[in-house]
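Number of protein chains: 2
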Amino acid sequence: MPQILRINTRTQEYSFEEVGTYANLGGRALTSRIINQEVPADCHPLSSENKLVIATGLLGGSTAANSGRVSVGTKSPLTGGIKESNSGGLFAHKMPKMNLLAIILEDKPTDETPFSTIFISDGKVEFRDASKIVGMDNYPAHDILLEEYGNKLCAAMIGPAGETVRKTATIQFTDPYKRPARSAGRGGTGAVMGSKKIKALVLDPEFNNKVTAADPETFKTARKTWVKMLQDHPVTGQGLPGFGTSVLVNVVNEAGALPGKNFRYGQVEHAADISGEKIAENIEARGGKTTEGCHAGCVIQCSQQYNNDKGEYITSGFEYETVWAFGGNALIKDIDQIAIMDRICDEKGMDTIEMGNTIAVAMDGGIIPWGDGEAAIDLLNKVGTNDPMGMIIGNGVDFAGGAFGVERLPTVKGQSMPAYDPRAVKGVGVTYATSAMGADHTAGYGVAQNLLKVGGDIDGLKKEGNVELSKNLQIATAAIDSMGFCLFVAFAVLDASDGVQAMADLVQAYTGNTFTTDDLVNLGIHCMQDEQEFNKRAGFTKMDDKLPRFFETDPLPPHGVIWDLDEDELQGAKV
Amino acid sequence: MPQILRINTRTQEYSFEEVGTYANLGGRALTSRIINQEVPADCHPLSSENKLVIATGLLGGSTAANSGRVSVGTKSPLTGGIKESNSGGLFAHKMPKMNLLAIILEDKPTDETPFSTIFISDGKVEFRDASKIVGMDNYPAHDILLEEYGNKLCAAMIGPAGETVRKTATIQFTDPYKRPARSAGRGGTGAVMGSKKIKALVLDPEFNNKVTAADPETFKTARKTWVKMLQDHPVTGQGLPGFGTSVLVNVVNEAGALPGKNFRYGQVEHAADISGEKIAENIEARGGKTTEGCHAGCVIQCSQQYNNDKGEYITSGFEYETVWAFGGNALIKDIDQIAIMDRICDEKGMDTIEMGNTIAVAMDGGIIPWGDGEAAIDLLNKVGTNDPMGMIIGNGVDFAGGAFGVERLPTVKGQSMPAYDPRAVKGVGVTYATSAMGADHTAGYGVAQNLLKVGGDIDGLKKEGNVELSKNLQIATAAIDSMGFCLFVAFAVLDASDGVQAMADLVQAYTGNTFTTDDLVNLGIHCMQDEQEFNKRAGFTKMDDKLPRFFETDPLPPHGVIWDLDEDELQGAKV
Numbered sequence: 001m002p003q004i005l006r007i008n009t010r011t012q013e014y015s016f017e018e019v020g021t022y023a024n025l026g027g028r029a030l031t032s033r034i035i036n037q038e039v040p041a042d043c044h045p046l047s048s049e050n051k052l053v054i055a056t057g058l059l060g061g062s063t064a065a066n067s068g069r070v071s072v073g074t075k076s077p078l079t080g081g082i083k084e085s086n087s088g089g090l091f092a093h094k095m096p097k098m099n100l101l102a103i104i105l106e107d108k109p110t111d112e113t114p115f116s117t118i119f120i121s122d123g124k125v126e127f128r129d130a131s132k133i134v135g136m137d138n139y140p141a142h143d144i145l146l147e148e149y150g151n152k153l154c155a156a157m158i159g160p161a162g163e164t165v166r167k168t169a170t171i172q173f174t175d176p177y178k179r180p181a182r183s184a185g186r187g188g189t190g191a192v193m194g195s196k197k198i199k200a201l202v203l204d205p206e207f208n209n210k211v212t213a214a215d216p217e218t219f220k221t222a223r224k225t226w227v228k229m230l231q232d233h234p235v236t237g238q239g240l241p242g243f244g245t246s247v248l249v250n251v252v253n254e255a256g257a258l259p260g261k262n263f264r265y266g267q268v269e270h271a272a273d274i275s276g277e278k279i280a281e282n283i284e285a286r287g288g289k290t291t292e293g294c295h296a297g298c299v300i301q302c303s304q305q306y307n308n309d310k311g312e313y314i315t316s317g318f319e320y321e322t323v324w325a326f327g328g329n330a331l332i333k334d335i336d337q338i339a340i341m342d343r344i345c346d347e348k349g350m351d352t353i354e355m356g357n358t359i360a361v362a363m364d365g366g367i368i369p370w371g372d373g374e375a376a377i378d379l380l381n382k383v384g385t386n387d388p389m390g391m392i393i394g395n396g397v398d399f400a401g402g403a404f405g406v407e408r409l410p411t412v413k414g415q416s417m418p419a420y421d422p423r424a425v426k427g428v429g430v431t432y433a434t435s436a437m438g439a440d441h442t443a444g445y446g447v448a449q450n451l452l453k454v455g456g457d458i459d460g461l462k463k464e465g466n467v468e469l470s471k472n473l474q475i476a477t478a479a480i481d482s483m484g485f486c487l488f489v490a491f492a493v494l495d496a497s498d499g500v501q502a503m504a505d506l507v508q509a510y511t512g513n514t515f516t517t518d519d520l521v522n523l524g525i526h527c528m529q530d531e532q533e534f535n536k537r538a539g540f541t542k543m544d545d546k547l548p549r550f551f552e553t554d555p556l557p558p559h560g561v562i563w564d565l566d567e568d569e570l571q572g573a574k575v
Numbered sequence: 001m002p003q004i005l006r007i008n009t010r011t012q013e014y015s016f017e018e019v020g021t022y023a024n025l026g027g028r029a030l031t032s033r034i035i036n037q038e039v040p041a042d043c044h045p046l047s048s049e050n051k052l053v054i055a056t057g058l059l060g061g062s063t064a065a066n067s068g069r070v071s072v073g074t075k076s077p078l079t080g081g082i083k084e085s086n087s088g089g090l091f092a093h094k095m096p097k098m099n100l101l102a103i104i105l106e107d108k109p110t111d112e113t114p115f116s117t118i119f120i121s122d123g124k125v126e127f128r129d130a131s132k133i134v135g136m137d138n139y140p141a142h143d144i145l146l147e148e149y150g151n152k153l154c155a156a157m158i159g160p161a162g163e164t165v166r167k168t169a170t171i172q173f174t175d176p177y178k179r180p181a182r183s184a185g186r187g188g189t190g191a192v193m194g195s196k197k198i199k200a201l202v203l204d205p206e207f208n209n210k211v212t213a214a215d216p217e218t219f220k221t222a223r224k225t226w227v228k229m230l231q232d233h234p235v236t237g238q239g240l241p242g243f244g245t246s247v248l249v250n251v252v253n254e255a256g257a258l259p260g261k262n263f264r265y266g267q268v269e270h271a272a273d274i275s276g277e278k279i280a281e282n283i284e285a286r287g288g289k290t291t292e293g294c295h296a297g298c299v300i301q302c303s304q305q306y307n308n309d310k311g312e313y314i315t316s317g318f319e320y321e322t323v324w325a326f327g328g329n330a331l332i333k334d335i336d337q338i339a340i341m342d343r344i345c346d347e348k349g350m351d352t353i354e355m356g357n358t359i360a361v362a363m364d365g366g367i368i369p370w371g372d373g374e375a376a377i378d379l380l381n382k383v384g385t386n387d388p389m390g391m392i393i394g395n396g397v398d399f400a401g402g403a404f405g406v407e408r409l410p411t412v413k414g415q416s417m418p419a420y421d422p423r424a425v426k427g428v429g430v431t432y433a434t435s436a437m438g439a440d441h442t443a444g445y446g447v448a449q450n451l452l453k454v455g456g457d458i459d460g461l462k463k464e465g466n467v468e469l470s471k472n473l474q475i476a477t478a479a480i481d482s483m484g485f486c487l488f489v490a491f492a493v494l495d496a497s498d499g500v501q502a503m504a505d506l507v508q509a510y511t512g513n514t515f516t517t518d519d520l521v522n523l524g525i526h527c528m529q530d531e532q533e534f535n536k537r538a539g540f541t542k543m544d545d546k547l548p549r550f551f552e553t554d555p556l557p558p559h560g561v562i563w564d565l566d567e568d569e570l571q572g573a574k575v
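As they're listed, the protein sequences go chains Y and D. At position 137 of the first sequence (counting the first as 1) the number is 137 in UniProt numbering, and the numbers step up by one without a gap. At position 236 of the second sequence (counting the first as 1) the number is 236 in UniProt numbering, and the numbers step up by one without a gap.
A couple of the hints might just be wrong.
What the hints assert, rightly or not - Each computed BS3-like pair below joins lysine-lysine, with the alpha-carbon atoms no more than 25 Å apart:
1. Y:K542 - D:K132
2. D:K220 - Y:K542
3. Y:K278 - Y:K289
What the hints assert, rightly or not - To give a feel for the contact side, a few chain Y residues facing chain D, derived at Cβ under 7 Å:
4. S47
5. S48
6. Y313
7. Q337
8. N395
9. G539
Keep in mind that the hints were calculated from the coordinates and are not lab data. Every value quoted in this text rests on a predicted model; they were computed, and no experiment measured them. Ideal placement from N, C-alpha and C gives every residue a C-beta, glycine not left out.
Turn these sequences into a full structure, and let the hints steer you where they fit.
Printed below as a string of structure tokens:
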């Protein structure tokens, strides 16, 4: 049986525990259950009472395609509510090979305590001196860890943003290409790790127990069905592998739903310059790779390697959301500058969505000119230093709005919105409003039905049908995040009559426990209930399940649509 | 009948309106009713939907002793909840002489609009060019207004903190000595005025209608009874006039309730150096004045004029709360440095309580050393400039905590605590927790019964009796703030069997409307109901009526007491 590793970061004591009441949970369902059960909802996110949980999904360690996402849970420094942020990288499949279902970091040492690297091996946890990498950016620090631990390094680490407990700080995970390029991006999980004075978590490269499915034959069959489903669907089989997620730039812009200039417009003129097609063209011309997976076992391969015009590596995991945040919302037209900003965010360990929106707020407040990429790069580089401007920028949109006197702040529960204007994509707008996570497209991606017409066709410009859509997607997503699947599998699942059954079959065959489609739905519902319970105890009400008022009052060009769902309607999306 | 003047700061249109449904309200009851009725609870405090209301009390314009406080109401940029902040100065008694009960500033112009001075005369409102005083500190700007409008100037104005919409920004009012030394201090009212691009409001010095009591003879008798009551009480007749409010430094320190080093201790070693006795000694030695009133008709005279060692004027309204915030909580031992900080706060237009606590948080975060007055002065002087550190400091405790990574933040609803540790003065602790205003001693001053043994004797170290005490005090205070009385009259009222009757008699004789002691109590209750209703619609729950958790976990020396009232007990203090 996999165990839960509980580490006290103050006393450096640890214990490997049986899963007990946390049995049959994984990924997000597990992190959210632990946070809801063990963390006082009204504690300060950076206090000793908060915990940081890293959990693998129900399919972690398996060979099921696209099941290698790892969940990070905590009370969010950004939102003050519960947070699950998930990431690719090597952690999810590695943990079960070390007999680990979850790692819980508890308590915190004094402010004066130096940062440590925690090294986890067979039945043993060591706090190691991190002085060689403290204060360093993620890539160079990761290189030092590679030297120290070898090429099988599997690390989770924070950059200068996390060390300085910025509210946008990420935890970066080793990807399959020996880079710290995968992020648990949203909600400031890296600040919680920083508050506990942990610079990196390293999993012993030499500890690799063999993990097998409980019912190998059934699993093998289910796995084949599953791969075929993903490869046959036009989005997961062709669109995403071809141009990465940035294939959406032109699509969403055409639909009039690409937020421009701090959510003033639904289209930007220079969309083609920052599109997935443009990115692919540059990659072709400069070397690099148009397809990469964020974790072993990925068959979608939506990631890439993006080089500069000298053919030097700049970044990977260069997502649509990132490109939009800097390129659309902050009006920066140079895709190479945007790539550099993506890299800076990975280096400092900062959420790209929150940072792009923050840069837009800085522009709105007159701190730097609209569209000025060089000035934006300067601001980003201040984060993680003692520069007060870096303290501001690193704390995200609402904080920057308070500093710069900007009241146009596209946030819900303190977290800023991703790359779809909720007025024109109301299915995802309902998710922004009602998710316990704050404005989060991945919590219930109504874009699929509203714009892409995958899994249904519901008009995103009108409110009809979108509350129910979002609710169902939020439940399904919570289940997907709990099994450890990449969210993109949903494109295929939603269009397949046996999609949900295929996922359930995989879990049942892998774990050996009965797992029906009803169990799968209940996994999602119970996960959301944990999250909503926590937030309620933290003081959230239906007034927190709303969009900022300017969405209700300012029509969005070109469609002239406003946000017209009131707080009582929106409660229909809660479980 | 006095009227309500409604001014649109965008269109510059205005109207003088009958009071209508706002009849029989004044001061805080009126501002809170208007905000609750007219402002969308979920609007951004700096948006066009917020309003700023300035109202005189039910006894405004009268000769009743100590009835010249003016109320400022808005949705607070600091707390996100409703706010009434009241001040001395000339406004309250002047408004009725211009037939005004309240002035409401509505809407807002574009960010590019230059600041205006609003000049209000008989039936007319003018937006005048404010370019001569924009960007200036309050004293020099006020001097220019004195030149322009003469010695009868009656102004309300904002400093650089308000112009830059800092969350700690005050509105400063002309005092009886031609200085802008009286503040509507708490909750960032000045930022709302700044967002509406109003630098100053000036009431026409030449417009002075005679105001008389409806029943002059009865009023005269009631007034005499009232004055005698105030003059006969040891606190209002002797303690406050002798040493000002800073008489409390030694008293509260002796009681082990003076918060030291960001609320770590209940006593500081250097209390004598920053005591009211020391201040009085300096004033005697250097010239200055030990007694001044903040408004015409004050018989308590707790204010003063404090000079430096060259005999030059530094500040007045040098309150206990200010002295404690910088001197106790930030451990600055030099009373002259503290006086300079008080002056800087008046110059920039910043709340001294919030700023002292913010400086303590900066010290806790290692930004400047503990007790370093010069470094603190440097930080304060950055507010209102483009310096990012000034943006941080000017936004108060919670904001600075977010910037500096400090989790020990003594705030409720985003507003920081005044000069009484709630663990040792639980009567005021209940008020901090449950007041709609955030942590506010003036909303229900349990210190009276807990420490001073005025109006009863209830142990501040134990919770018994303190919920009911706070509730009753909060109701009484809301009524006092609505009549326009200075809160200090409560010392006398609480110890007199006919104190409440005396206040009711004054209102009835002055207004000509029946006003019993029951009416007085109901005035307070209805005012609190408006405030709680607004906050509920803004998303506040009982989880917001709590103290930060460190008060529950960390015992306070020297008594070793903790905060032990849970959220359900605390609800007993709500109406």
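Hints, verified against the model:
no., hint, result
1, Y:K542 - D:K132, "violated, 47 Å"
2, D:K220 - Y:K542, "violated, 53 Å"
3, Y:K278 - Y:K289, "holds, 14 Å"
4, S47, "holds, 5 Å"
5, S48, "violated, 9 Å"
6, Y313, "violated, 32 Å"
7, Q337, "violated, 23 Å"
8, N395, "holds, 6 Å"
9, G539, "holds, 3 Å"
When each numbered hint is compared with the structure, violations occur for hints 1, 2, 5, 6, 7.
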